[in-house]
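Trainee: Chains R and P, in that order, give the protein sequences.
Using numbering that gives the first Met the number 0, you'd call the opening residue of the first sequence number 0 and step up by one each time.
Using numbering that gives the first Met the number 0, you'd call the opening residue of the second sequence number 0 and step up by one each time.
A couple of the hints might just be wrong.
Any copy, or any two copies together, can satisfy a pair, since identical chains are not distinguished.
Heads up, simulated DSSO-like pairs for lysine-lysine below, C-alpha to C-alpha not over 30 Å straight-line [unchecked claim]:
#, residue 1, residue 2
1, Lys90, Lys54
2, Lys208, Lys190
3, Lys54, Lys26
4, Lys190, Lys122
5, Lys90, Lys220
6, Lys220, Lys208
7, Lys248, Lys366
8, Lys220, Lys358
9, Lys90, Lys164
10, Lys164, Lys326
11, Lys164, Lys220
FYI, nobody ran anything at the bench for these hints, they're computed from the structure.
Protein chains: 2
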Amino acid sequence: MARIVMKFGGTSVADCDRIRNVALRVKAEFERGNEVAVVVSAMSGVTNRLVGYVKDIDPLYDPVEYDAVVSAGEQVTSGLLALALKRLGLKSRSWTGWQIPLVTDGAHGQARIERIETEALEKSMTAGEIAVVAGFQGVDADGRVSTLGRGGSDTSAVALAAALKADRCDIYTDVDGVYTTDPRIVAKARKVAKISYEEMLELASLGAKVLQTRSVEMAMKHRVRVQVLSSFVDAPGTLVCDEDEIVEKELVSGIAYSRDDAKITLTRVPDRPGVAAGIFGPLADANINVDMIVQNVSDDGHSTDLTFTLPRNDLDRALIVLEGHRKDLGFGRLAPDRNVVKISVIGIGMRSHAGVAQKMFSTLAAKGINIQLITTSEIKVSVLIAEEYTELALRALHTVYGLDA
Amino acid sequence: MARIVMKFGGTSVADCDRIRNVALRVKAEFERGNEVAVVVSAMSGVTNRLVGYVKDIDPLYDPVEYDAVVSAGEQVTSGLLALALKRLGLKSRSWTGWQIPLVTDGAHGQARIERIETEALEKSMTAGEIAVVAGFQGVDADGRVSTLGRGGSDTSAVALAAALKADRCDIYTDVDGVYTTDPRIVAKARKVAKISYEEMLELASLGAKVLQTRSVEMAMKHRVRVQVLSSFVDAPGTLVCDEDEIVEKELVSGIAYSRDDAKITLTRVPDRPGVAAGIFGPLADANINVDMIVQNVSDDGHSTDLTFTLPRNDLDRALIVLEGHRKDLGFGRLAPDRNVVKISVIGIGMRSHAGVAQKMFSTLAAKGINIQLITTSEIKVSVLIAEEYTELALRALHTVYGLDA
Chain R
0 MARIVMKFGG
10 TSVADCDRIR
20 NVALRVKAEF
30 ERGNEVAVVV
40 SAMSGVTNRL
50 VGYVKDIDPL
60 YDPVEYDAVV
70 SAGEQVTSGL
80 LALALKRLGL
90 KSRSWTGWQI
100 PLVTDGAHGQ
110 ARIERIETEA
120 LEKSMTAGEI
130 AVVAGFQGVD
140 ADGRVSTLGR
150 GGSDTSAVAL
160 AAALKADRCD
170 IYTDVDGVYT
180 TDPRIVAKAR
190 KVAKISYEEM
200 LELASLGAKV
210 LQTRSVEMAM
220 KHRVRVQVLS
230 SFVDAPGTLV
240 CDEDEIVEKE
250 LVSGIAYSRD
260 DAKITLTRVP
270 DRPGVAAGIF
280 GPLADANINV
290 DMIVQNVSDD
300 GHSTDLTFTL
310 PRNDLDRALI
320 VLEGHRKDLG
330 FGRLAPDRNV
340 VKISVIGIGM
350 RSHAGVAQKM
360 FSTLAAKGIN
370 IQLITTSEIK
380 VSVLIAEEYT
390 ELALRALHTV
400 YGLDA
Chain P
0 MARIVMKFGG
10 TSVADCDRIR
20 NVALRVKAEF
30 ERGNEVAVVV
40 SAMSGVTNRL
50 VGYVKDIDPL
60 YDPVEYDAVV
70 SAGEQVTSGL
80 LALALKRLGL
90 KSRSWTGWQI
100 PLVTDGAHGQ
110 ARIERIETEA
120 LEKSMTAGEI
130 AVVAGFQGVD
140 ADGRVSTLGR
150 GGSDTSAVAL
160 AAALKADRCD
170 IYTDVDGVYT
180 TDPRIVAKAR
190 KVAKISYEEM
200 LELASLGAKV
210 LQTRSVEMAM
220 KHRVRVQVLS
230 SFVDAPGTLV
240 CDEDEIVEKE
250 LVSGIAYSRD
260 DAKITLTRVP
270 DRPGVAAGIF
280 GPLADANINV
290 DMIVQNVSDD
300 GHSTDLTFTL
310 PRNDLDRALI
320 VLEGHRKDLG
330 FGRLAPDRNV
340 VKISVIGIGM
350 RSHAGVAQKM
360 FSTLAAKGIN
370 IQLITTSEIK
380 VSVLIAEEYT
390 ELALRALHTV
400 YGLDA
């Protein structure tokens with residue numbers, strides 16, 4: 000007998016028919032002799048509607064009351080799925096975050112899980128009840144409902160799997176696994192059978208939307224084996240696991256892209272110590288995360304150009320912040336650019352093989368694509384290019400790294 | 000300084016604009032120097048949608064999971080109203096049933112309040128916070144969310160007012176008070192300034208939909224002064240209070256009607272002991288409440304006709320139950336009639352004045368309206384007549400008892 004946590008996202012529980020379909024999948028898993036806990040999201044559209052109400056009432060809302068409102072969606076789904084399972088003749092009950100309890104810190108709207116008290120839950124499960132847990136939510140030390148941030152149900156599921164020492168955490172979603180790249184752009188993209196935590200973490204952070212980044216961090220930390228699979232088709236998914244479980248390690252496992260970035264260039268920045276701090280300090284104070292940075296060699300020994308990327312949503316605010324410091328910083332022009340894309344190749348094989356980055360640069364050059372910025376880590380290389388080359392670059396790189404199906 | 004409980008129903012909080020409007024009313028009450036607790040219903044339409052989901056998943060649903068699902072609506076409204084109050088610069092927080100806690104028995108879907116632990120709530124209120132309480136819900140001894148039945152937010156408000164020893168419980172709704180009869184039918188209907196608990200209880204039970212019957216019972220038991228008023232117009236409402244507070248007692252205070260009843264006549268029922276038990280026993284077993292009953296004088300000394308009323312929704316089931324017992328009961332025909340209305344005149348003045356019932360019978364007779372059944376109590380007379388005479392009867396009675404504006 001194994002213990003399995005299954006998680007179903009918003010599109011998988013979008014209406015009563017889909018909830019019945021989910022109940023059948025849960026029943027099949029249970030009847031294989033497993034103990035099963037299910038984590039559910041809100042029915043698709045519900046969380047957006049609730050967030051819309053909150054922002055209508057107060058754009059600068061109190062996050063504690065925001066959580067009281069938006070946590071209702073998952074509560075509804077958990078009750079409905081428990082009903083659907085009972086309808087199939089199974090024993091089941093719903094659990095809210097406070098009923099478990101799943102205790103978080105007080106950072107409402109973005110709370111972090113501190114502990115999960117599994118005693119009542121395990122008692123129910125060992126008595127043959129299927130536990131249906133409202134995802135995305137917990138309770139803080141003051142007894143107020145908290146939420147884990149958008150996409151938090153993935154995190155709920157992985158945290159629950161860790162706390163319950165589950166054998167596997169199956170994340171059912173509207174895609175059937177993790178692909179070498181976005182199959183909507185690259186027709187030859189392949190589903191990956193196994194991928195390491197480290198690679199998945201880079202993929203999630205760099206734009207692949209299949210799993211929430213925090214849930215992958217948590218899976219890596221607690222070594223939870225996570226399977227990503229479709230709730231609509233019966234097909235093997237992708238297992239996210241320790242790299243030791245992966246026999247054939249690819250040089251490059253996947254290619255991610257993100258259109259969520261923008262670029263700012265400051266021209267004729269004085270070339271003296273302290274200038275970078277003068278620029279990035281005020282941005283950090285405004286809660287704007289800067290990602291890639293390049294400072295050009297000084298032309299004249301007195302001034303230089305400085306270029307960096309930041310979330311596209313924060314671009315307007317960043318320009319206002321920098322204009323406000325124009326006098327102290329003494330730069331020339333402030334040149335924003337929204338039409339950029341960040342493309343990243345990821346693979347644990349890179350650790351032991353040189354030449355991955357060089358192959359990326361030469362492939363893009365051969366296609367006439369100019370590289371604006373570069374960053375690297377042990378297992379990935381990211382470049383910033385003009386957005387219009389996204390498809391061309393992805394297809395060329397997918398082929399050159401031998402990923403085509 | 001007084002302590003006030005305010006309750007707003009579903010149409011009063013139907014969208015964000017109305018929630019803002021409610022917040023302004025609460026602010027005004029608070030700024031008069033009062034401590035304020037607010038009880039809210041779900042936004043109109045939400046509870047029906049949630050109940051629809053539950054019945055779609057399982058028409059014979061588990062009431063515990065039903066409660067987990069449908070209680071979400073009030074939770075959302077309480078958070079939104081707390082946000083709207085904060086937006087106005089007031090201190091406020093939302094409370095779910097389990098956070099208070101408001102403890103109920105385990106009769107899910109129709110739970111009864113056992114106790115309200117007001118300590119945390121009062122601490123918050125005396126610190127100047129406006130408490131916004133999700134109506135309709137509580138928590139049972141097992142920590143599962145329970146609901147009080149449809150319209151239960153009225154009951155939540157009155158119970159909270161009793162527990163908090165509030166000076167008044169203001170029920171804001173879409174009508175501006177209690178009327179002598181339905182103003183949509185009788186144009187000359189008048190708003191009543193004060194009405195006794197006993198009269199209000201009869202009015203609520205006999206078809207007036209302005210307050211839930213259980214909330215009036217609870218107000219009467221705990222002597223909570225309840226004011227019914229509109230959340231849309233600024234006008235004095237109706238105070239439901241002890242009859243000692245009412246100086247000028249009317250002979251008749253109001254005329255109620257109900258189209259929710261149906262009539263069944265059984266012909267040629269054997270006229271022997273035990274027959275009534277044989278008929279009403281199986282109906283009681285099927286949870287069908289019989290209201291008015293009349294047994295005719297036997298024509299031949301051997302058989303008689305028996306007529307009774309029951310909720311119109313239960314008519315089909317009742318006919319099936321009775322047909323199933325035709326052999327043991329040995330009746331002749333089973334004649335159902337849906338086209339009936341129950342009209343009731345209510346007034347505490349009746350206790351000391353004879354002739355109220357006689358005036359009702361003669362007025363209806365003068366209009367050519369046949370009375371099918373009659374029941375009376377100390378402070379009301381009810382008659383069953385053909386439904387087509389509803390308006391005619393209401394207008395005639397309203398005039399003859401001197402209620403016209």
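Trainee: Are there hints from earlier that the structure breaks, and if so, what are their numbers?
Mentor: 4, 5, 8 and 10
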